[in-house]
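For the sequence shown, the residue numbers in my numbering are 11 to 274.
Incorrect hints may have been included.
Distance condition first, Cα-Cα at most 30 Å in a straight line; then the derived DSSO-like pairs of lysine-lysine [stated by the list, open to error]:
id : residue 1 : residue 2
1  : Lys-94    : Lys-265
2  : Lys-94    : Lys-143
3  : Lys-117   : Lys-265
By construction, these hints were calculated from the structure, which means they are not laboratory data.
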Amino acid sequence: MSQPGPYGHYPPPYPAPPPPPRRSRTPLIVTLIAVLLVGAGVATTLILVNRDKGGGTQTSAGQQPTDEAEPSPGDQPPRPELEKDANGWLIVPSRPHGASYSVPPDKDWLAEPARFQGYRLRPMEMHVITTYKQGACGGHPESRRARMGFIAQRRPTDPAAAATEAAKGWAENLAAGIQGAVPSPPQTSTKPVAQGSIQATVATVALNVGKADDCNPPTIQLTAVGFASGTRTVVFLIEADHQTPNAPPPAVLDKVIASLRPLR
């Protein structure tokens, strides 16, 4: 699907620290005058010395630059590698949400724990995002065949209701940007997660896009999973193209859902 989220991508920078209190500029002015006077004296001395040596005046522009090595890519701190689970899949954790999920380790799955995207129509944000086949539509680097991540919850609530609202709200946000798109009513079921130790609620909404093309599928499927993790309500959402080439295999998405688990 070629339509990215209207805002987001990466967390905003931390707010700048407050400016220091204003100080009297009188000492600074006096200091600057002293520095200028000293500098003028040094410059005059250098000119006279150089003249005595017959070398003419020497300016800073004529000095050779010092050898300072530019940092190479290898000098940059490496990006933290994700750990692997017992099946060899990458574990994508989120401390703020109190849960993690796993994705296949191959290059089609791009896990970016710091990434987020959101919508303003129905205020929602997806965090700790993994994208499947990013750039699937040529010329659109933000296109993809699927994306998934945790949906921010402002307060603990019933997991079943939270999952239903997440699937419905995300579909409505997508539909607002796709002419003629119509979301179906949510369908709910239960699925085991955390190695079968938790029964999670799964809410599914199909978004019928209408006329499909090389970039847009005929259907986008929204699958939200809700379960409790201590005092938190965890909601995980998958937005996946459906009935189109290179769509994520449903069996793989089922395994991603089954991999959901609370963090210890």
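Each hint tested on the structure:
1. Lys-94 / Lys-265: Answer holds: Lys-94 to Lys-265 is near 15 Å, not above 30 Å.
2. Lys-94 / Lys-143: Roughly 20 Å between the alpha carbons, so the hint for Lys-94 and Lys-143 holds.
3. Lys-117 / Lys-265: With Cα atoms ~17 Å apart, Lys-117 and Lys-265 stay inside 30 Å; holds.
Going down the numbered hints, you'll see the structure goes against none, and every one checks out.
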